[in-house]
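Novice: Residue numbers (the UniProt record's numbering), protein chains in the order written: chain A, 1 to 299; chain B, 1 to 363.
To be clear, the hints were calculated from the coordinates, so they are not data collected in a lab.
Careful: at least some of the hints might be erroneous.
Stated by the list, open to error - Here are the simulated lysine-lysine pairs, PhoX-like style, with alpha carbons at most 25 Å apart:
#1 B:K27 with B:K53
#2 B:K219 with A:K176
#3 B:K117 with B:K75
#4 B:K75 with B:K210
#5 A:K176 with A:K125
#6 B:K75 with B:K212
#7 B:K117 with A:K239
#8 B:K210 with B:K70
#9 B:K212 with A:K176
Claimed, not checked - In silico negatives: residues of chain B with every beta carbon more than 10 Å from chain A:
#10 G59
#11 K79
#12 A192
#13 P198
#14 N252
Heads up, the beta-carbon is just placed ideally off N, CA and C, and yes, glycines get one too.
So the chains spell out like this:
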Amino acid sequence: MDEPIIEALEPPKPEPKGLNIVVCIKQVPDSAQIRVHPVTNTIMRQGVPTIINPYDLFALEEALRLRDQYDGQVTVLSMGPPMAEDALRRALGLGADRAVLITDRRFAGSDTLATSFALATALGKIAEERPIDIVFTGKQTIDGDTAQVGPGIARRMGLNQLTYVSAIDSLDLGQKAIVVRRRSEGGVQVLRSRLPCLITMLEDTNTIRRGSIQDLLRAARAPVAIWSAEDAGVADPMKCGLRGSPTVVKRVFAPSPRAEKAEMVTIEGKAPAQIGDALIDLLFARDPKLEAVMTAPRP
Amino acid sequence: MAEAPKPPAASRAGMKKELPERFRDYKDVWVFIEVERGRVHPVSWELMGEGRKLADKLGCQLAAVVIGPKAETTKRAIKQTYHYGADVCYIVEHAALTDYRNEPYTQVLTNLVDTHKPEILLLGATPLGRDLAGSVATTLQTGLTADATELAIDDDMCLGATRPTFGGTLLCTIYSLNHRPQMATVRPRVMAMPTPDPSLSGRMVWDSFKMKEADIITKVLEFVSDNTSKDANLAYADIVVAGGMGLRNEGNLRLVRNLAQVLGGEWGCSRPVVQKGWATADRQIGQTGNTIRPRLYIAAGISGAIQHRVGVEGADLIVAINTDPNARIFDFAHLGVVADALTLLPALTEAFARRLGARALAS
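Take these sequences, add in the hints, and give me the full structure.
Specialist: Here's what the structure looks like:
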């Protein structure tokens, strides 16, 4: 009966348990609301609301599920302007445990190579406390649409790269083994790999939870760690931002209308059926073989 | 590829430095040939057609890169690369390369680049190509433009890759000025399929595989084929009908499906329709969805944002139906009708059914 004695002792600091997961997220403008100035052809950014890149939410949810199942910690990490703190706070409200924002003028103008450099450096800093088991990212962002930052991080950190993952079939923390389903052309690859790994999560693979009241309250007050390039551990600023970006955008422009304007079908005084017939006549006049394509035997 | 595209860095672009010494001997245009389970992805041939034009402009060779198992299917792919214009084919064959895996493929392609030094490297913007391109570009520390919609050689003999930016509202042209190779991925159907010439042949260059299966961490346990041939094959359909927000609600997508069915075509939709949850992402047409090159494309109630435009511009004949006479879709459509899709679609479906049905009876 020595239980009470043990209880009386100073409890040892608990060893960190479970998974150490980091989810990289990006704050993006709600693309549905971007407008281009009709005359100057410049982006009208004012008043465009920002959101967490929708693809990142599938990564966040998957990370939270793993944490709920295996215990551990989910950190959300973002690079962006100071206002990107909002996106991180929203992620805390959804259940992430802590948040880190790396923000520095030196990061401005980063292309995907420079972005993966900055994020991988910050991840290295986070891993100093405790090794990271899984880094999650979304499939791509809705503003850049490149899908290149995830693979860039994996390569730089030497993580096993698992992209377009639709499901995590199993995870064995002791063995550091993971089995995932990866979307590929015409099917799904079932892959067995090892931790640490980087997973880019496919869309529509889960549904982001509603944050609990506790999480929402905590998110409002929780600190978001704000790191400069130096805090993040960047030793060589030449690898950041515009200077660290091998690509250069030389020209931004709106496409010109086709030289030949669309031929408009006259509609005045015509019933829909007549318009339909007129349109079909025009179609068949332009491409006489269309009719044969339309009536070809179907499989 | 700019993740958040920078404003045109005029000063930086203007002070274009001499290409660093170590890149001076990089030449030739390379296309990575995507062979999965014995099948060459058509985007590889589309890229060969484009690569041929770039190589001719540069006055260099066009090379294909084929990575795979030592098998009949690999041999066939190699032979075909010449039909599609390759002067030379770089080949690495090994059993460990049977299925695509990031680690060995990155190693092989990076080694080939380091050894043979191409100035341009193109890959398809498929799940495989994007997975591989990101790794290879990071390893080589070079520039990579994702989802280019146009490739051109400028006066300085550099590759300019154009792609939509700012959520598909504008286009931008991206250069990798002082790095080699200049890399880009291109989505399927963005470039036209060239006609193969079976009389052509070329040089073969083999390289050895330097890893061991035991060193490769990730293993493929299984491949589960989709086996859903009835799944949308929008990208390669001859006739496509699509609907946008002008349809006003999810139920009205039925009007689009009905017309597509009568025409023996496929149906799709614009990005906002997917964002609204009215249709699944595999039906989306535009830069971030399917790029299509049908013989006939009918867009109903679609305004014609740039990200949509770049996905459909390869169509031979574009018909736009929109209530707004100033809609941008009329800037690139061939035939236009200012009408409400909700009334015109059923009328058009009926008119087609009448005509095509009559023809079917007559024949």
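Novice: Now, for every hint given, state plainly whether the structure supports it.
Specialist: Comparing the hints with the structure gives:
1. For the hint linking K27 of chain B to K53 of chain B, the alpha-carbon distance of about 15 Å falls within 25 Å, and the restraint holds.
2. For the proposed pair K219 of chain B and K176 of chain A, the alpha carbon gap of about 14 Å is at most 25 Å, so the pair holds.
3. A C-alpha spacing of about 24 Å is found between K117 of chain B and K75 of chain B, which places the hinted pair at or below 25 Å, so the restraint holds.
4. Between K75 of chain B and K210 of chain B the CA atoms are separated by roughly 20 Å; this keeps the pair inside 25 Å, and the hint holds.
5. Taking the CA atoms of K176 of chain A and K125 of chain A, the gap is near 22 Å; set against the 25 Å cutoff, the hint holds.
6. Taking the CA atoms of K75 of chain B and K212 of chain B, the gap is near 22 Å; set against the 25 Å cutoff, the hint holds.
7. Among the hinted pairs, K117 of chain B with K239 of chain A is consistent with the structure: their alpha-carbon atoms are about 23 Å apart, no more than 25 Å.
8. Proximity of K210 of chain B to K70 of chain B is assessed by CA-CA distance (about 15 Å); at most 25 Å being required, the pair is judged to hold.
9. At most 25 Å may separate the alpha-carbon atoms for a hinted pair to count; K212 of chain B and K176 of chain A meet this at roughly 21 Å.
10. Every C-beta of chain A lies more than 10 Å from that of G59 of chain B, the closest at about 23 Å, which supports listing it as non-interface.
11. With a least CB separation of 21 Å from chain A, K79 of chain B remains clear of the 10 Å interface cut-off, as annotated.
12. At roughly 17 Å, the least C-beta separation between A192 of chain B and chain A is larger than 10 Å, which holds for a residue marked as non-interface.
13. Non-interface call for P198 of chain B relative to chain A: holds, since the shortest CB-CB distance, roughly 25 Å, exceeds 10 Å.
14. Consistency note on N252 of chain B: stated as away from chain A, and its beta-carbon is indeed over 10 Å from all of that chain's, at 15 Å minimum.
Violation of the numbered hints given earlier is absent; every hint is satisfied by the structure.
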